[in-house]
Amino acid sequence: MFVYILKRVLATIPVMVIVAIFVFLLLRLTPGDPAAILAGDAATPAQLERIRDSLGLNDPLLTQFMTWMGQLARGDLGTSLLSNTSVAGMVGARLGPTINIALMTIVISVLLAVPMGVIAAWRHRTWVDFLVMSFSVLGFSVPVFVIGYILIQIFAIDLRWVPVQGYKAPSEGFGAFFSRAILPSLTLATIYIALIARMTRASMLEVLGEDYIRTARAKGVRENVVLFRHALRNAAVPILTIIGTGFALLISGVVVTESVFNIPGIGRLTVDAILARDYPVIQAMILLTAGIYVMVNLLVDISYSFFDPRIRY
Amino acid sequence: MAETPQSRHSAFQVLTGLFSLPAGARVGIGPILAAVILVIIVMAALLAPYYVPYDPLAMNAMARLKPPSPEFLLGTDPYGRDIFSRVMTGGRVSLLIGIGAAAVSVAVGLIIGLVAGYFRTADSIIMRIMDSLMAIPAILLAIALVALNGPSLGSVIVAITIPEVPRVVRLVRSVVLSAREEPYVEAAIALGSSMPKILMQHLMPNTFAPLIVQGTYICASAILIEAILSFLGAGVSTEIPTWGNIMAEGRSYFQIKPGLIFWPGLMLSLCILAINLLGDTARDLLDPRMKKREG
Numbered sequence: 001m002f003v004y005i006l007k008r009v010l011a012t013i014p015v016m017v018i019v020a021i022f023v024f025l026l027l028r029l030t031p032g033d034p035a036a037i038l039a040g041d042a043a044t045p046a047q048l049e050r051i052r053d054s055l056g057l058n059d060p061l062l063t064q065f066m067t068w069m070g071q072l073a074r075g076d077l078g079t080s081l082l083s084n085t086s087v088a089g090m091v092g093a094r095l096g097p098t099i100n101i102a103l104m105t106i107v108i109s110v111l112l113a114v115p116m117g118v119i120a121a122w123r124h125r126t127w128v129d130f131l132v133m134s135f136s137v138l139g140f141s142v143p144v145f146v147i148g149y150i151l152i153q154i155f156a157i158d159l160r161w162v163p164v165q166g167y168k169a170p171s172e173g174f175g176a177f178f179s180r181a182i183l184p185s186l187t188l189a190t191i192y193i194a195l196i197a198r199m200t201r202a203s204m205l206e207v208l209g210e211d212y213i214r215t216a217r218a219k220g221v222r223e224n225v226v227l228f229r230h231a232l233r234n235a236a237v238p239i240l241t242i243i244g245t246g247f248a249l250l251i252s253g254v255v256v257t258e259s260v261f262n263i264p265g266i267g268r269l270t271v272d273a274i275l276a277r278d279y280p281v282i283q284a285m286i287l288l289t290a291g292i293y294v295m296v297n298l299l300v301d302i303s304y305s306f307f308d309p310r311i312r313y
Numbered sequence: 001m002a003e004t005p006q007s008r009h010s011a012f013q014v015l016t017g018l019f020s021l022p023a024g025a026r027v028g029i030g031p032i033l034a035a036v037i038l039v040i041i042v043m044a045a046l047l048a049p050y051y052v053p054y055d056p057l058a059m060n061a062m063a064r065l066k067p068p069s070p071e072f073l074l075g076t077d078p079y080g081r082d083i084f085s086r087v088m089t090g091g092r093v094s095l096l097i098g099i100g101a102a103a104v105s106v107a108v109g110l111i112i113g114l115v116a117g118y119f120r121t122a123d124s125i126i127m128r129i130m131d132s133l134m135a136i137p138a139i140l141l142a143i144a145l146v147a148l149n150g151p152s153l154g155s156v157i158v159a160i161t162i163p164e165v166p167r168v169v170r171l172v173r174s175v176v177l178s179a180r181e182e183p184y185v186e187a188a189i190a191l192g193s194s195m196p197k198i199l200m201q202h203l204m205p206n207t208f209a210p211l212i213v214q215g216t217y218i219c220a221s222a223i224l225i226e227a228i229l230s231f232l233g234a235g236v237s238t239e240i241p242t243w244g245n246i247m248a249e250g251r252s253y254f255q256i257k258p259g260l261i262f263w264p265g266l267m268l269s270l271c272i273l274a275i276n277l278l279g280d281t282a283r284d285l286l287d288p289r290m291k292k293r294e295g
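Taken in sequence, the protein lines are chains A and B. Per full-length UniProt numbering, residue 1 is the first one in the first sequence, and the count goes up by one each step. Per full-length UniProt numbering, residue 1 is the first one in the second sequence, and the count goes up by one each step.
None of these hints come from the bench; they were simulated from the model. Accuracy of the hints is not assured; some may be wrong.
Residues on chain B that point at chain A, a partial pick, calculated with CB under 8 angstroms [claimed, not checked]: (1) Ile129; (2) Ser132; (3) Pro137; (4) Ala138; (5) Ile143; (6) Phe231; (7) Gln255; (8) Pro258; (9) Ser269; (10) Ile272; (11) Asn276.
Which stretches of chain A does chain B cover? Using the computed rule of at least three CB atoms under 8 angstroms from a CB of chain B, they are [unchecked claim]: (12) 132-141; (13) 166-179; (14) 215-224; (15) 274-281.
Reference listing, derived: stretches of chain B covered by chain A, where coverage requires no fewer than 3 residues with Cβ under 8 angstroms from a Cβ of chain A [stated by the list, open to error]: (16) 47-59; (17) 144-153; (18) 232-241.
Note that the Cβ used here is the ideal one computed from N, Cα and C, for glycine as well.
So here's chain B without its partners, still in its complex pose:
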């Protein structure tokens, strides 16, 4: 049984192909700067336990609300904990939630989107459900889910994931709908390829490029939503420092200790800015039509 040549890409080939620059493409200084900032933030968070001067959880009644000094780089919080140590360590959980939520939403959205795009009967039902989910404001749905399921790391990731899934489903579905009209897919159907084979080998690789772009945006928005959830009191347990948690605790002390909100806020914003810029760059490289539109 003959196979059409276009379908001979393995998932790995497709993925590595995505990251080789097309001929003539140039990457400006912005994305490189963004990549450097992101690498620094990720490394700083990962290596935090090895270099921060204090235990981020150790309270010290003798050193409450100290101003910045050589001893405490960014000062201390109302419990006498070192703010620098907490902000650096806090990045670990925030980044974990961002990556976790992006991975889960992309995986779940990919499966549902493939089904919706391929099976016409399932399509209308799935898309009605997705439209309805998208009508519910993401943050409202997320805090309701955390409040009902308890403030664990897993339930926060699930709560952030559920409002994101419909966006991924729509994207995957639209890619599948246009790809299934391609001659190589029609050829595969005519040759009697099995349904899972058509889905996995012929249709799925088309979704990788847009999914990588979408995944970076979801990662950024998940980090943002985690901060908002913690800020509203519906995030991971306050015993774990995250950027959102540190800012949430800073709320009542804002007028005497604005640094409790500004330092984690700055780290968070830089991180999201860098991820978004990389997402934009990836989109321009992977989808030249979009670049033309945005100028």
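One chain only, chain A, in its complex shape:
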């Protein structure tokens, strides 16, 4: 087991190195002078020189890459071109809201989607199944921000239950945090629920046809124990996989949702940095999100054996 985990952790290194090379080349291979692209049309020669200097664009490509990788290894993500402060500091200051909203989204999604999928499979080809499948098809078709605005229109403008936009940390009172975080979390959760419910249903349908389910029922095991203990545990691996790969959707969704709800998290930071072409911040954010994605999927891989003891490494 330990050897397997170590192998999997080591296997993430080449992936992250290639992501780093890609992020590095993204700017350098864009046609035109990178400094001019970042500075925009109205840049003075002095500004261009400052950008070239701070990114080391005057050095040979290999030297630039080695310097940058050296900095990364020391945890130095560079300096923002706009605010001239350290990128690591900027990201750290914005991490809180994003993590809170992402955690709330995951909890909501799993708590709603898994029972939805289980019930849809249990009542296969009835109106419940049809409803769950319709929701999941719809969830894939409506853009995240449109869902956000529909929720704002209903719950914040028409019903006045919660504020329209903004963010308060949980330390400023849980009620204030919850009332502002619930709509963004529900917005983000829609597509995630659609994804997980669909996979749970498909995986449960396969398992419910197995002999041991019939045996359990014949023994007189209560139906909810059959569903949630016997069947769901055996259906868990594909569900876990989709929760892991779906994490990429969640990260993309955060970027959009934070703009809709005016939340000062890393999603907003990223969009602002990209639109201002603040390249050190863009580099750091792509590396960070790719790193999170790889980590989550590593944890999912390792958790398989916890849910399915037949899987031994």
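Given the coordinates of chain A, assemble chain B onto it according to the supplied hints.
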């Protein structure tokens, strides 16, 4: 030199064969409805210049933010432009981007996937690169690409295509890997067929069915990503109306004019819903094993 009979399919025969229903297959009311909706949306977008009442770009300072009326069916935007005319015309570029991105990703992914599936040495390098690309969130990569390359139609299509390519490559590679074990491919290799011939004539036709399904999904997701890119301010130039652009401009006026987001949002969602449903139907017809799994 003898050819094995299975390989005698031309690309055209394979493609037409895909669309004839297998014996006993039935198509429900859902996919037919989806096809009708999609045809209506596509026709409405294509023919927009002939029937919309106003020039979608013409500003009118006398008619700003008008409510819906017989004169302006869905009202007007903050610049006095007719929302109905803009939404109908906006579909043209959105659909173009969807189809363009799907075609380019499938073509590029097919070539890379064939190479990865056939040449063992290239395979591990290509797949490591593809895995890494897939670790980067698609929207982040796309906005970064548009921000660096400028907001032209071409750069938006490229930006949407690059994150999609790894998915196509994986699909093509897996099909090629299983097909190359088939006796007719081994026979062709033993008979000394040239490598391009094996790739093009024996292996490639196997990828068409899954690629058509994948292509429809990419088309839907490209239309969605275009809207998100425009919404975040990294889409095609705001002078061209697209569903995403109209919604992006509606952001600041959301509380007084929600229609600026809801109408294009509705068109976009209907369109994506229809394409996804058709994709699901195509998958069920082309790959009966998947149907069994999904119930």
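Each hint, compared with the structure:
1. Ile129: Cβ of B:Ile129 sits 6 angstroms from chain A, so the hint holds.
2. Ser132: Hint holds; B:Ser132 Cβ to chain A Cβ min 4 angstroms, cut 8 angstroms.
3. Pro137: Because about 4 angstroms separates B:Pro137 from the closest Cβ in chain A, which is inside the 8 angstroms limit, the hint holds.
4. Ala138: Since chain A brings a Cβ to about 6 angstroms from B:Ala138, closer than 8 angstroms, the hint holds.
5. Ile143: Holds. Min distance 5 angstroms.
6. Phe231: Cβ of B:Phe231 sits 5 angstroms from chain A, so the hint holds.
7. Gln255: holds, 7 angstroms
8. Pro258: holds, 6 angstroms
9. Ser269: holds, 5 angstroms
10. Ile272: holds, 4 angstroms
11. Asn276: holds, 6 angstroms
12. 132-141: holds (count 4)
13. 166-179: violated (count 0)
14. 215-224: violated (count 0)
15. 274-281: With 3 residues in contact (Cβ-Cβ under 8 angstroms with chain B), the coverage given for the segment 274-281 of chain A holds.
16. 47-59: Contact hint for the segment 47-59 of chain B vs chain A: violated, 0 residues under 8 angstroms.
17. 144-153: Three-residue rule met by the segment 144-153 of chain B, so holds; n is 5.
18. 232-241: holds (count 3)
Checked against the numbered hints above, the structure violates hints 13, 14, 16; every other hint is satisfied.
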